[in-house]
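The listed protein sequences derive, respectively, from chains A and B.
The opening position of the first sequence corresponds to residue 1 in my numbering, with each subsequent residue numbered one higher.
The opening position of the second sequence corresponds to residue 253 in my numbering, with each subsequent residue numbered one higher.
No lab work stands behind these hints, which were simulated from the structure alone.
Quick caveat: nothing in here was measured; it's all calculated off a predicted structure.
All C-beta atoms in this analysis are idealised placements derived from N, C-alpha and C, irrespective of residue type, glycine included.
Just so you know, not all the hints are guaranteed correct.
[To be verified] Here's a subset of chain B near chain A, in silico, CB distances under 8 Å, partners left out:
id, residue
1, Val280
2, Tyr282
3, Phe350
4, Val368
5, Glu369
6, Val370
7, Tyr373
8, Cys415
9, Thr419
Here's the letter readout for the chains.
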Amino acid sequence: MSDLHHVAHAVRRARPLLGTLVEVGVCDARHDDAGRACEAAFDAIAEVQRCLSRFDPASDIARFNALAAGASIDVRGDTACVLSAARQLFDDSDGVFDVSLGRGAGWVLRAQRLHKLQRDTHIDLGGIGKGHAVDRAVQALLRAGCAAGWVNAGGDLRSFGHASVAIHLRDEQRGGVVAFGRLRARAFATSCFDIDARSQLWHTRPERRPRAHVSVAAPSCLMADALTKVVAASGDPQHALLARHQAQAWLH
Amino acid sequence: MPRIDSATGVVVTLTTAVALAPTAAFAVDYMSADEAAKLMFPQADRFEVRTLTLDAAQLQQLQAAGVAPRSARWQVRVAQRDGTTLGYVVVDDVIGKFELISYAVGIGSDGAIRQVEVLSYRESHGHEIRLPAWRKQFVGKDASAPLRVGDDIANISGATLSCSHVTEGVRRIVAVIDLARHLGTLT
Chain A
1 MSDLHHVAHA
11 VRRARPLLGT
21 LVEVGVCDAR
31 HDDAGRACEA
41 AFDAIAEVQR
51 CLSRFDPASD
61 IARFNALAAG
71 ASIDVRGDTA
81 CVLSAARQLF
91 DDSDGVFDVS
101 LGRGAGWVLR
111 AQRLHKLQRD
121 THIDLGGIGK
131 GHAVDRAVQA
141 LLRAGCAAGW
151 VNAGGDLRSF
161 GHASVAIHLR
171 DEQRGGVVAF
181 GRLRARAFAT
191 SCFDIDARSQ
201 LWHTRPERRP
211 RAHVSVAAPS
221 CLMADALTKV
231 VAASGDPQHA
241 LLARHQAQAW
251 LH
Chain B
253 MPRIDSATGV
263 VVTLTTAVAL
273 APTAAFAVDY
283 MSADEAAKLM
293 FPQADRFEVR
303 TLTLDAAQLQ
313 QLQAAGVAPR
323 SARWQVRVAQ
333 RDGTTLGYVV
343 VDDVIGKFEL
353 ISYAVGIGSD
363 GAIRQVEVLS
373 YRESHGHEIR
383 LPAWRKQFVG
393 KDASAPLRVG
403 DDIANISGAT
413 LSCSHVTEGV
423 RRIVAVIDLA
433 RHLGTLT
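Bound conformation, chain A alone (with noise of 0.2 Å):
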């Protein structure tokens, strides 16, 4: 039985979720422990966007804005991972990469304890929550027993087991989608950097971000995500980081 086939007859789920579309696909299971497996994806990107989302006010991460210097908060597991990975990530990337907007130094974590230090520092994780959201969910999915399938959340999508998945990308200026290539036990992810896109890099001046496509393959959809912007930054789809977390990068 071939890759293709297995994917053509998974069971496939959709929900509104993070701001954008989660396709959740699972294969060769039997039908109802398909949808019970799918049912925990979405549960666990849910607890996530809990966690994470800036619209939530009950989230960590709008508490964690609207602190007052010198204040500090407990955060949950999710919360406390994903800040984790941004702190190592601003550090390896000399600051290029950054999740408060160029304050990157206006906030610390310690264990689950997430301290304001400066008043105007706002965090933002939108991007590499995206990407934590599908590997929990990815999570979710092995847990539940499925051997191979996806979770496609609007542009951040990982494969796992013996799926392989079409990527294709859409074109945003005139519609429709392009085939990309396969993608097979990986994480990938695509952010467009445009002066009207959602995705903009903090450091640099409107007039030289680039207009362009970047997409990065990695073993996890958070690095995927974030590596994107380490590369849309720096204008290098060799960058250094890539190679240390197993990534490859494309310019379009």
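Go by the hints and put chain B onto chain A.
Frame of chain A; chain B shown alone:
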């Protein structure tokens, strides 16, 4: 065909140059409206289909509440068990820049959202998606007759697709059901 092997031995294969013209369209059907209704209200022994027609005053009432009503006629599946109403399922579709999304909203008898499921997704060129003929080709499709234009599987990666149209649509449906519940037109 370029083939890029990663350090982990996993493969990303580039099958096509990105500069090629976009494919015409692709579509995924996730489930039918009936399947969504059963998924949302598994305890229901009956789904009664009612048509809700809002009059001008009711449309104005929605408008005043900050919800653009869009339509005066709504088809509602009323989930029942032993004659008791468990909730409602409303199917709607929204058009984005390049996509047409059909979705179902399940609302409990208390008016709270129980679930939102995407029924189908169509992606195409912007000019096509607004043509009635293009949209008509998808009418009546259900999960038992999956339609996949172009590739049999497709995962779009790109600038994040915004689901704001769906979010607005869900809000509208909640308001419509809320109005109907208070008017008693669904009981």
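Now for the hints, and whether the structure bears them out:
{"no.": "1", "hint": "Val280", "result": "7 Å, holds"}
{"no.": "2", "hint": "Tyr282", "result": "5 Å, holds"}
{"no.": "3", "hint": "Phe350", "result": "4 Å, holds"}
{"no.": "4", "hint": "Val368", "result": "6 Å, holds"}
{"no.": "5", "hint": "Glu369", "result": "6 Å, holds"}
{"no.": "6", "hint": "Val370", "result": "4 Å, holds"}
{"no.": "7", "hint": "Tyr373", "result": "7 Å, holds"}
{"no.": "8", "hint": "Cys415", "result": "4 Å, holds"}
{"no.": "9", "hint": "Thr419", "result": "7 Å, holds"}
When held up to the earlier numbered hints, the structure conflicts with none and fits them all.
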